[in-house]
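Residues per chain, in single letters:
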Amino acid sequence: MGRPQRSQMGEHEVPLPTLLFAGFGAAVSWGVHFNLVYFLNTLFCKTGRGGGDVAVYLVTAAFAIVSMTAGWVAWRRWRMLGNASRLDQAVGESEGRTAILLFIGMAGGALFTLFIIVEGLVPLFLRTCSLAS
Amino acid sequence: MPDRSWHSVPRCATRLVAAAVRAARSRAYLTPLAGLALVACRADPLPQSTLDAAGPDARIILQMHWVLTAIATLVSIGIIAATVIALRRRRSERGTAPPLPLAPSVFAEHEETRRRTGEPAPQVGAGMDEPFTPVELDAPQRDGGVLKLVLAGGAVFPAVVLVGLFVYVMVVLAEVDRPAPADALTIEVTGRQFWWEVHYYDAAGRRLLETANEIHIPVGEEVRVRLRSPDVIHSFWVPRLAGKLDMIPGRTNEFAISADSSGVYRGQCAEYCGVQHAKMAMLLVAQAPDEFAAWMEAQAADAVPAADPLAARGEAVFLASACAACHAVRGTPATGDLGPDLTHVASRRTLAALAIPNTRGHMGGWLVNPQAIKPGAHMPAVPMTREEFDAVLAYMMSLR
Amino acid sequence: MSTGTPSTRESYFAAGRDRERDFERTWGAAAPPLAWFKEVNNIPIALRYMGVAFAFLFTGGFMALLMRIQLALPENEFLDPSTYNQLFTMHGTTMMFLFVIPFIEAMANYFLPLLLGTRDLPFPRFTTLAFWTFLWGGLLVYSSFLFGVAPDGGWFAYVPLTNRTHSPGIGMDFWDIGLSVAEIAAMGAAAELIVAILRMRAPGQALHRLPVFAWAMLVFAFMVIFAFTPLIVGTAMLELDRKGLTSFFVPEAGGEPLLWQHLFWIFGHPEVYIMFIPAVGLVSQILPVFARRPLVGYPLVVLSLIATGFLSFGLWVHHMFTTGLSPTSMGFFAAVSLLIAIPTGVQMFAWIATIWKGRPVWRTPLMFIAGFLIIFVMGGVTGTMVGAVPYDYQVHDTYFVVAHFHYVLIGGVVFPFFATAYYWLPKITGRLLSERLGKWNFWIMFVSFHVTFFPMHIAGLLGMPRRIYTFDAGLGWEPYNLVSSIGAWGFGIGATLLLVNLVWSLRRGRPAGANPWNADTLEWWEPSPPPNAQFMYIPFVRSRHPLWEQESFEPESAEEAERMEPMRAAPRTWRGALLVSALDGKPLAVAWMPGPTLWPVIMSVGFLATFVGALVENAWIAGAGLTVIAVSLLGWFWPNEGQEKAMAEFGLASGEGGLPLAIAGPRSNGYWAMWIFLVVMSVALATIIAAYYYLGDDGERLPAAIPDTGTAMWASVAALALAAATYWMARAMRRRQAWSWRIGSAAALVLVPVLAWLTGRAWTDTGLTAVESAYASIFVTMIGFNWVLIAVLLPMMLFTLVWAIMRPADVRGHGLAWLTELQGYYTAASWLLTAAVLYLSPRLW
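Residue numbers (my numbering), protein chains in the order written: chain Y, 443 to 575; chain L, 418 to 817; chain Z, 298 to 1142.
Next comes chain Y alone, as it looks inside the complex:
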């Protein structure tokens, strides 16, 4: 118990745009990737052009890199936070909320990259278009 320590403000400040990218960049890039591959697949099927699978692979590679970058940025900043990264200890407001957002970005980076890659693998297994007309 005991009164929590007050941290030194400003020491570990992460600029808000960086914090948002690190925290939610992976999730958002998953969302964009998901809609994009679905859209591309539909588009290629409708126009009857080949190469839909290649498009999916390319988009997947691009977004997997964005997602991993977000996770990596979060991880680096998290390491810089040092002690504050022990989330369940009482820490100062600024450090604590930064730490939790970075943690979310870090673990989220791994999770969403997995999702992006697995979705990108789908055309390896399946016909691209349906028999329906």
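Derived by calculation from the structure, the hints in this document are not laboratory data. Errors might be hidden in some of the hints.
So the derived list for chain L, only partly shown, Cβ under 7 Å to chain Z, looks like this [to be verified]:
1. GLN465
2. ALA487
3. ALA489
4. ILE494
5. ILE497
6. ALA499
7. ALA503
8. GLY542
9. GLY544
10. ALA556
11. LEU564
12. GLY571
13. ALA576
14. GLY660
15. GLN685
All of these numbers come straight from a predicted model, not from anything done at the bench. Glycine residues also receive a C-beta, built at the ideal position from the N, C-alpha and C atoms.
With the hints as your guide, set chains L and Z onto chain Y.
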């Protein structure tokens, strides 16, 4: 049929209870129990069960069923066991409640209660067990190891299993979603409220015949099923042979279906399609190639003009009445296409999409009052005299 | 035993009895006449809200019991087919839209302010409006039973079955219009919750100290915005189709039945998680109290909530696996459907680890949570099975799926709700419930739940489709259905025991005290039941578990205490609440909160009349309703005395380092709400654009003649001019240049109708009538969407001008100008995007 030993137990149980219910409802309490058990455990499969796979697709999916069920069972048991053990592992311990802070308003209220009633105010933790269990506040500092377990069990383990499962699903999906061979017979099934219109085409796209609610296919042969709907969404599903596929207005869906052995398989509409969705079923009859060819030939033929005078009178009534506006009988002027084609109606096993068996009595009942049998069906009762009714009934039963 | 250390009472907290009494009077119950209708405080409103939602739970449950009687035996004739179809439609609709979502909102309305240490929700009148509209909407839908025309198209209302050809009666209109009401309430609640959680917390409650339930509700609110908006667009399209005005879903006119399925399920699948995520929050919060230790892996659980929120939008097509889509697109959705088990798995393990490392105390809430864990795992694994596409080909639309989603929804939502009821009812009533009855309640529900729903898995595997009013004997389904029916009645009786227990506790229950569970969060700091005037003294939070870890709730420094002085048992004559910074929870400003008023209830009646008018196609009733809405909006936003008092008080006090009054500009709650409104509109616009391309995705359906760009170009010029005038107007307002402000608003005000007229011409030039084809329908709808924005902008601009002319110095007028600015830019941008989609993009193909 291959490998069915696994489900003899649930089947026995199912049938035993079912037979008991039937016996109880028909008040046949004296049915000997031994007989019941015998009926219950006889080997024939349930007509619409996905567990009694009789076609290649259904068989592959059944295999998948057992894989998935095994994983699901293991995971459930594991997690439930962990929960139960965790709950029983440690119990509350004696301790004293720490002095917890209260809002000033609570404080004021308590003071007031004490002043008014002289009784002590409710204590913190009044709803909890005595003796009181203190909170382990310093616990999170020691959670490092547990967190690793949480990540391993909650993230890494499922990720590995699920990615494996994903690959398996993709492989099976590729197998199930294969197109029918180019030279396959095409059966176009049109879902309608609340029956099935069936057209046969050969590989060249020539129209062969039309029937309803009863689809015949040659055993062991891949058949292309083409699905359409002019009214609302229905879904074509013969569980023992394959999964379902929807019939959607404005679209045409296609898949391949085949049966391993001859038999009658029940199918049922699987997308809610209106008031009589429950009674929109069909039969799929798999026949040996020569039987199938004979059936095709018989069905492709026009109706033979009624020989029997009563039936001939019936034909006249039929053609003159509202009947012919909705139904077709090939070889006669009746070409209505709102209801099923009746050219060979008497050759079918059931009426009204399996609502009733196709017997003379049921046919009569259906003609007199369809709404009593299948309320909401689009067939109206056509007003007829007794004499006309007998004639039409005879005519119907002559359409073999 | 402790009742608080005396020092707390005597130092910071003592503001004097007079001040406290004034404060209590200001926040207290509304004064007669019509006090009951004037009430806007979150606590009484949330209580009514919960009560009504709970009544709907039992109504929906009773319908299920009737259906189970019908299905107990094959060929049963207890119900006729159309009654049965009405019952299952209304059962699903009631549970989804009239019970779970409203109940969650009601619970959040009651407890979020308590958990966050704030005095009320940011928009109390809006909460009140949402409650009344929900009540009228629910009653409206149920009134269809009185006329025997209850909706019967299923709760997901697939077209074409539900269009005017195949459901000619008024039943589906009841469904469609009643739903709109629930949607409005849900959207309103979402905006409210976002602002509340981000802006209205106790000082020091930074993001990492947020109770998990608050995190869950934040995710919930964002999900509602992104999921309900497509549903609103979809139901509006369906209703227009039903009125014969458009042809979105009519195949003969190039419409697409599958478009409805996409729109419905992009709402419908997130909806499942929208219901489940609050339950996760509740469990994560209750479990640690009974495990007597903090939650294991709080940040992991929060991450899982956020990740689930995102991922739930990548699942919707798994409701459409059997519609014949391309295998690859199904593959994408199958991947998410399977892998989404990962975040849920993390949560499960975090909960189990919390119990494992804790010292569980067997109280009823813990039992319901244990039941939840067990049932939810079983529902979760069958969910993974259903995500396997080929397997879904077999079990889709069968009783296997019925079993699966009842395991998920009853296990994952209803059991946590019951745990919560046992946990929070003592706070609401001030009395403890009976533990003995609680245990009976749990065991009866738990056992009969499995008896009811487990056999359904097998019935489904044996080929039993869902939504059939009867079945033939001899298919092997009889025993499973009989057992299910018996179990269902047991479950019904078990659930009712909660009501029995509640009545018992109100009569005989022991007093609960402020904190009967020795729990950690702020709601237990206040008395049970909490007063309307909650948090007279604003607590300073320094821990995630304030009641476990903090010895004092006073400010840390003298400066902080000084700064908060105007909020200590104050303001005295108007309702004021503290605004904090979103990330850190640092005190920023003071918000003026409205007191009791009749306008919300009047406005809700306006909504009711409008909807009834639309239902019976009577323009007079609808017109009267719209008039009432317009008048109540005027009354709602009319300058009032409370605001003037607030401005007078804080206009003087907000010196250096003091707390300013946030009534205008980016610091005010209204500005945040405006942003949320624009996000909602953007989601709606995106939905409409997606529908446009979906309907035009097929060579045959592309417009025969690409529309001429002439008028659209002029309209775009008008839109740009409008944006420029808006900018001028707002800049002048910020620079306090009264005349420029007036001229700018006047110019913008003139441009608004010009834009409306030109966009109208852009449509009439094409000669399209909406009903002639699906393309024409979506074309007109896209243009019509801009008219909705214009209809909102016009009065805003008008009143901005009025403020500018009458009282250019009044900060409330500035507030309106800030909002009008956003709406002005947005309207212009929306038209430019519309023009690009309708006129330019067809030329690119």
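Now for the hints, and whether the structure bears them out:
no., hint, result
1, GLN465, "holds, 3 Å"
2, ALA487, "violated, 11 Å"
3, ALA489, "holds, 4 Å"
4, ILE494, "violated, 9 Å"
5, ILE497, "holds, 5 Å"
6, ALA499, "holds, 5 Å"
7, ALA503, "holds, 4 Å"
8, GLY542, "holds, 4 Å"
9, GLY544, "holds, 3 Å"
10, ALA556, "holds, 5 Å"
11, LEU564, "holds, 5 Å"
12, GLY571, "holds, 3 Å"
13, ALA576, "holds, 6 Å"
14, GLY660, "holds, 2 Å"
15, GLN685, "holds, 6 Å"
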